[in-house]
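There are 4 protein chains.
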Amino acid sequence: MREKDRRDEMQRTSHLEDLTARLIAFRDARDWRQFHSLKDLILSLNLEASELLELTQWKSAAVVEEAARQDTDFKARLGEECADVFLYLLLVAERAGLDLAEVAGAKITANEIKYPVEKARGNARKYTEL
Amino acid sequence: MREKDRRDEMQRTSHLEDLTARLIAFRDARDWRQFHSLKDLILSLNLEASELLELTQWKSAAVVEEAARQDTDFKARLGEECADVFLYLLLVAERAGLDLAEVAGAKITANEIKYPVEKARGNARKYTEL
Amino acid sequence: MREKDRRDEMQRTSHLEDLTARLIAFRDARDWRQFHSLKDLILSLNLEASELLELTQWKSAAVVEEAARQDTDFKARLGEECADVFLYLLLVAERAGLDLAEVAGAKITANEIKYPVEKARGNARKYTEL
Amino acid sequence: MREKDRRDEMQRTSHLEDLTARLIAFRDARDWRQFHSLKDLILSLNLEASELLELTQWKSAAVVEEAARQDTDFKARLGEECADVFLYLLLVAERAGLDLAEVAGAKITANEIKYPVEKARGNARKYTEL
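Chains as they are written, first to last, in the working numbering: chain A, 1 to 130; chain B, 1 to 130; chain C, 1 to 130; chain D, 1 to 130.
Okay, chain A solo, but in the shape it has when bound (with noise of 0.2 Å):
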């Protein structure tokens, strides 16, 4: 693959309206929609999001960084479990009529102003109020 070709392939592939749009895309092929209200989405979200906490259970902060580094099959599950997170995120954008680039840009702003580098460098106490 020629350089340019990659790079349009990777902006594709990392876009989030292509990933809705293939999503939406799946969803819509099993006639999905029916089920999918918003209520269940978030709820569903949250469950996804306690099966990546569960691969963290019993396990020190620091087992759990060097796992992430060095075995490949823990590395694979936490991509697994990340993955169902994000497409429950973007159902859940798109049922709301969300735009997740444009309220996660809007965040970092809000929380650039909220926590200036000056007071906030290092400053675990500042942090733990973020």
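Any given hint might turn out to be false.
For chains that are exact copies, the list does not tell them apart, and a pair is met inside one copy or across any two.
[What the hints assert, rightly or not] Straight-line Cα separation of at most 25 Å, DMTMM-like style, residue types lysine to aspartate or glutamate; simulated pairs:
1. K59 x D18
2. K114 x D99
3. K107 x D18
4. K107 x E94
5. K75 x E51
Honestly, the hints are just simulated from the structure, not real lab data.
Use these hints to put chains B, C and D onto chain A, whose structure you have.
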């Protein structure tokens, strides 16, 4: 703004890499990486998912749906909580060295095989095993 | 069993101290206390709460209610997940040196003051601030 | 208070039936049963479990342990969040017609069989399958 510029702008903001880059710059300017163990990032993602869920507490599925369409304040809060979940998901992925778009794309492909259209179409039973 | 014995038996089993004593004996016979940090016990309680929530996924409130009344298998699973939440709650309380009955009683008392009957009666708005 | 009275008092308050009776009286005096679908009670239990988890956010396991022992304010907040989880668990059980003490006792018995002392003793591997 010219049409082409507007399109470029949209691409920039809905691009996972760009959002992640902004978020990491925000984090590093404040020297906060030291607080961000993978275990605590995943735990924090769960807390934000729960705040999103709280917006649906004591509301029927129909009321949630209607509020998302007609209640500007409710929709703004939905947007903020979705943003918080999304930002922590980006931090988790960055910390774990995961490419979110890649794992999400792979998961859709896996689900396309797991739930063939002809069998899954409009089928809630199959669906609940998703 | 005589009526008095039956009553004593009931008292014994529904007593928090007795349940906790049985649970701690179970844990200590297996030398598992070493794995039970308070943080991981609380995390585990969340995972079990999530498994309970999963039983309601893709079901309307009315369907959940009906299943709890009429579906023996569903009710058994509800019982198991509630038991898991309860057992972790007892372990959390034991580890943190908390008297669950005392803090729960104090919370009811606080709520009785916070939500006076005359103002709160049938009032969903007040209620949602509970 | 005489020793016997004190003991009776303790029995009364640590009894699940009595706590449930107080809680139901509280609920019914405010005519709140109408808001308490089983699905929303279970959802609310999850929200409270999450508030308990939030107390451990950005704290290592050791710091959480120490705070529970030495920080009076932290311990009070632990107590409040545990109480909230407990009260919703009692409401869930009452609504679902479950005897919490019974299902919890049965679960301990099942775990005693599932994890025989000789095999499970000090064994984290077995443990993580609990």
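Structure-based check of all given hints:
1. Taking the closest pair of Cα atoms, K59 and D18 never come within 25 Å of each other, the shortest separation being 36 Å inside a single copy and 30 Å across copies.
2. Proximity of K114 to D99 under the C-alpha cut-off of 25 Å is restricted to the intra-copy arrangement: shortest distance 22 Å within a copy versus 29 Å between copies.
3. In this assembly of identical chains, K107 and D18 lie within 25 Å of each other by CA distance both inside one copy and across copies; the values are 22 Å within and 14 Å between.
4. Taking identical chains as interchangeable, the C-alpha atoms of K107 and E94 lie at most 25 Å apart whether they share a chain (18 Å) or sit on different chains (18 Å).
5. Both within a single protomer and between protomers do K75 and E51 lie at most 25 Å apart by alpha-carbon distance, with minima of 14 Å and 23 Å respectively.
Of the hints listed earlier, the one the structure fails to meet is number 1.
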